[in-house]
Amino acid sequence: MSLRKFLKTLMLTMVVICALVLVAGCTSAAEDDGTDATTVTDDQTVLTFWVHIDNLWNAEQDKIIAEFEAENPDIVIKKEAFPWDDFEAKIQTSLATKEGGADIYLLWGGWAGDYADTGVFSPVPADFMAEVKEDSYEPVLGSFEYDGNYYGVPLEFNNEYGGMLVNTPKFEELELDYPATWDEMIDIARDVTVPKGNTFEFRGFDFPGEDSLTYVWTSMILSSGGQYMDGDEFTFATPIGIETMQTLVDYIKVDGLTDLDGITNAEEQEPYQKFFLGESMMVPRGPWVVPEGEEEYGLTYGVDFEFVSMPFYGADKKFAAETGWGLAVNAATQNPDAAWKFVEFWSQKDRLLEYNIATATIPPYKSLAHDPRFVEAVPYMAPIIDILDGGQFIGHFNTSTLKEEVANMFVDIIDNGTSVEDAVKALDDIMNNQ
Amino acid sequence: MFFVLLPILLLYFTFLVLPIGAGFVMSFFDYNPLRTNNDFVGLANFARLTNDPVFFKALRNTLYFVFATVPLNIIITLIIAQLISSLDWSKLRASFRVLFFMPCIAPLVASSMVWKQLYNVRYGIINSMLEGLFNIQPINWLGTQSLVIPSVILFTLWADMGYNVIIFSAGMDGIPSDFYEAANIDGAGPISRFFNITLPLLGRTFSFVIAMTFISHFQMFAQFQVLATKGGPNNAGTVLTYLIYKTAFQNKNMGYASAIAITLFLLIMIFTIVQQRVNRVDWGY
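In the order they appear, the protein sequences are chains A and B. Position in the first sequence (from 1) plus 165 gives the number in this note's numbering. Position in the second sequence (from 1) plus 323 gives the number in this note's numbering.
Since the hints were made in silico from the structure, they are not lab data. There's no promise every hint is true.
[As the list claims (entries may be wrong)] Derived DEER-like restraints, expressed as beta-carbon distance ranges:
hint, chain 1, residue 1, chain 2, residue 2, range
1, B, L333, A, N581, 49 to 55 Å
2, B, Y568, A, V468, 41 to 47 Å
3, A, K418, B, Y568, 32 to 38 Å
[Said to hold, decoys possible] If you want a taste of the chain B side facing chain A, the calculated C-beta under 7 Å gives, among others:
hint, residue
4, R358
5, G455
6, L456
7, Q468
8, Q542
9, N557
By construction, the Cβ of each residue, glycine as well, lies at the ideal position given by its N, Cα and C atoms.
With the rest of the complex left out, here is chain B (with noise of 0.2 Å):
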């Protein structure tokens, strides 16, 4: 059986458990790859975090855009779900699915691209419609320090609601219909099913799609790279991990970027472990 597994522990162990590893030690030197000498510096790096204003800047905006975009992505994504689940016809269920599912198979940096030309300040789609309606003066998105994140947000709900729907549509598809039928002879009406029923039984899906949307959304990189250019205005758009790549690939600093790398991978480790305990669901029907 052993060795059934060892390929994928390989992948697993030269693909994850090396780069950590590495990034690890690389935290603890003056790295550059260039070099053939790098100067051990313990903790320096770290060090270093205190004291660095676009780090704790950065560190904000990662907080601000996954407290912002994970409820919001699952309340939305949860009513899309019943709502589709209260469809009859299965044909236009599955439809639904996989059109709400088609801005993830779409390539993040590609329709990222498409939402800058939307974001556009004179030319884009948005400011046209706001002016065109509303009489609304264009509006600088991706430029103006207090919109960025919330620009980015959007988008990242848009480009992302497709697997939460369909993983909480298979969780409502996997409650028993007893559960409904006896509500409905007891003459609960949907709002009451949806929080007297669904919403509880749906204890463990809600707890694997809140650790999973946390840490994906703490790693997401694609969109503020290619909408907040260069980390937005005064930095406004800069998360941990544009930090991250700045750092290590732009000023071939990779030491720092690795000290930088290690404290998103505990401050996701923390949140995960602290997630699971409140979650933690020891039930089942």
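Next comes chain A alone, as it looks inside the complex (with noise of 0.2 Å):
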């Protein structure tokens, strides 16, 4: 029977992959740093520390791990590490369970402002929240706040605007300037762009990316005199912030100085990856994507390419900044003065700032960003640095779903013809509806 025969077959191909995949696919979803495999005495503490997977970032959580355990005999981080695409998933599980989970996170500011009304966090000790406040740049400690209270203290500025991906080769061979203003940077991006078919064989200005075309636009509102929020309401829908949009979407229907890949996903593959493939000239982004492309790209910094100011839009040098990285203490942790005094050993400011330095992360404090000894040891955070007071907290929302519908209402004007006014007043609407 040949149905019986096909049902041998495919019994036996079963087996045989299910073989595999047992063999080959049991591995933990967690990479611990092996505390279970060390002694725990009865009479020390065990802090569960939840991180997600970064091999630069966790090498420095491991140090300071090991020179707090050293300082504090009584009390072991056992630390485990995520996939980033879980992270969050991970962390919103515990917390929904109010049990299991972790003592200690290390939490994505956009992520806080979600858990910051159900009281799943810790507020931070007053005492310690006065020192960090008194330093803080506004933007860093923004979704943290709810009601007067602090969730998280902040371990870096989360910074998006101010700094751009130069192709220094192409600069040099043609004989040009970084520009100084925006008129010439896009002067220069008109002169350098080759279109090829459908897609592109170099890219002048390549801003539609996931974060940056949002960090580009409300930055071109705010440098111009307008906002983009009132109060909790979002109102795009001004002359500026039509006028600002026209501009963006000239540059891509009238100028051709690149396309929507960025935003439509389809190469997986960001812009300042792009980029860092020799496929642009200039790319807006945080300075975070310098070691990337040394590391990832075997780039040289200050041959193959340069990270430098990236000039304003409008007079004033103002852009909006969401909170970034920071610690927070699960509320139902059962040692909350050793989860403190962990946060805090780390707050310490020469420990954070050797964190941030080799994190290549930009200070929350306004002491540790002037600090001469951070731009001597990350040269290309000079640009950024100079602007941070310029920045203002985004919002208390989800910045991804806002990020999420601009890339959206982009696509609808470029793609579908959408008026730019109409556009713009759509977004206002989803998101005053969220």
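Hey, can you piece these two chains together into the complex? The hints should help.
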């Protein structure tokens, strides 16, 4: 019977596949630091600490944990690192069950807003918070604050505006200086762009990226003296909001400086990744991408590319920034004192500076950002440091939703011919109805 | 006898009935699992559906996907099953069935990832072939609004054909050979035999295949999650299942997500009832 034979063959194939999957696929979801293998004595407090997998960051975290444990032999920190794609879901699930999970979380500020009103995180002790607030930039605390309390301690100033990657060899070849004004930047982009059929051989100014489109637009609005929010209401549909969006649309439709690849995700490459492959002249992005260019793409900073100041569109050097990475303590932890002790230990100025230098992140504290040791160790941060005071907290909302909706609106205008005014009004409606 | 069925009933109740009931209740709340108190909002989540352009876009995309894919799937699998059944050598028939069933064994997420690479604009094999053979400029398959759903349909046809090929093959094998012998004596050719014997006598199989294929296609998620990243450009690849996931787990609005899920549940139920009545078969051979 042929069907029976088929089933036999199928069963055999499935058994072989299952066996292979069992052998090859039984990896643990999280990479832990092997604390289980070491002896934990009865008088020691064990704290679990959840982070996402990032080789550079994890190495620095391990150093801090080792220093803390050496200074506090009665506390053991058990670090567990999860794949980036699963990290938020893991945090969310662990907090929803009100048990299990970690004592301390490395928490993205953009997520913090979703948890702020749920009481799942422990408020930062008042004395400690007073010290943190005194020296912090405004955006680094924004999402951690709710109803007068703070639920996270910042580890960085997450900046996606004010700097851009520039293709050094191309600038040298064309004997061009890096642009000092917005108009110069666009003129250069127009001159160097080379289209190729439906796509590009070389992009002049590749700004439509997952983050960069929203940050470029909001900075254009703020630097022109406008605002995109009035209290809790989104108000992109102002004359300035519409004019600046029209300008960005024209860079695609009229000037043809780039296309929408960066926000349609078709190639799974962000504009900065295409830049590192030598496919573009200028790309706005945060300074955190510089180590990636060196380590992942084997490029040499100063030879193959540089990170320079990006000119502001308007007269004011203003931009929006969301709250970046920080540390939060689970409200259900059995050891809140030990947990906060670890957070305070990490937040000590010299230690945090060392961490920011090693992870190429901008310090959240003014004193550290302007500490000469920082720019000396990470010279490409210099253009960013000078503009940090112009950073404005982006607002209490889910920033991923805004970025996604701005990208959808941009595609709608470019591809469907929807008028900028209608599209921007629709964006306000969508965001205000979230 | 009841005790023998009890374990499976418990399993069914715990993992199917209970979640559906919980989802139904949740749809009347502004529900966030992280909160201790969640407000009862009555029908507000359902009222919001009527004013949500993304929901209507997702509904339209879902219907487009289902009503394009299912008929194509059935036509193609029927032809393949007929061709396989017409082969004389049983080992060859079994080999072809295995071949067509292979994509069904592979996890949908894994095969979606592979197809995502095939669709890549610059480095994908599809664009390379089109450019090499026909000098067609690279096409942004997954990043163009009008192409994202057709691209997912093409993948789904490839990935999901195997089941129906097997079911149709089994149905064809079950048709008594007397009918074909009589038709041969009457001088009927292969096409005439297919339309006058095979197709009508596959009625029960057809009814089952249509119902199951429609239901499964309404519920498809993995390929949309992988291929139409973040719902595709301007939500052109957003279907109801993806919208439920996004609303529940990204926007953490499980009440509204439950309202969308209940709507999808009702849609599938109504469609299945209608389809079962239309395709009712009350005869046997």
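Okay, the hints, checked on the actual structure:
1. L333(B) / N581(A): 49 to 55 Å: holds (51 Å)
2. Y568(B) / V468(A): 41 to 47 Å: holds (44 Å)
3. K418(A) / Y568(B): 32 to 38 Å: At roughly 33 Å between Cβ atoms, Y568(B) and K418(A) fall inside 32 to 38 Å, so the hint holds.
4. R358: Since the shortest Cβ distance to chain A is 5 Å, the answer is holds.
5. G455: Check failed: Cβ of G455(B) comes no nearer than 14 Å to chain A, outside 7 Å.
6. L456: violated (16 Å)
7. Q468: holds (6 Å)
8. Q542: At 21 Å from the nearest chain A Cβ, Q542(B) fails the 7 Å test, so the hint is violated.
9. N557: Cβ of N557(B) sits 4 Å from chain A, so the hint holds.
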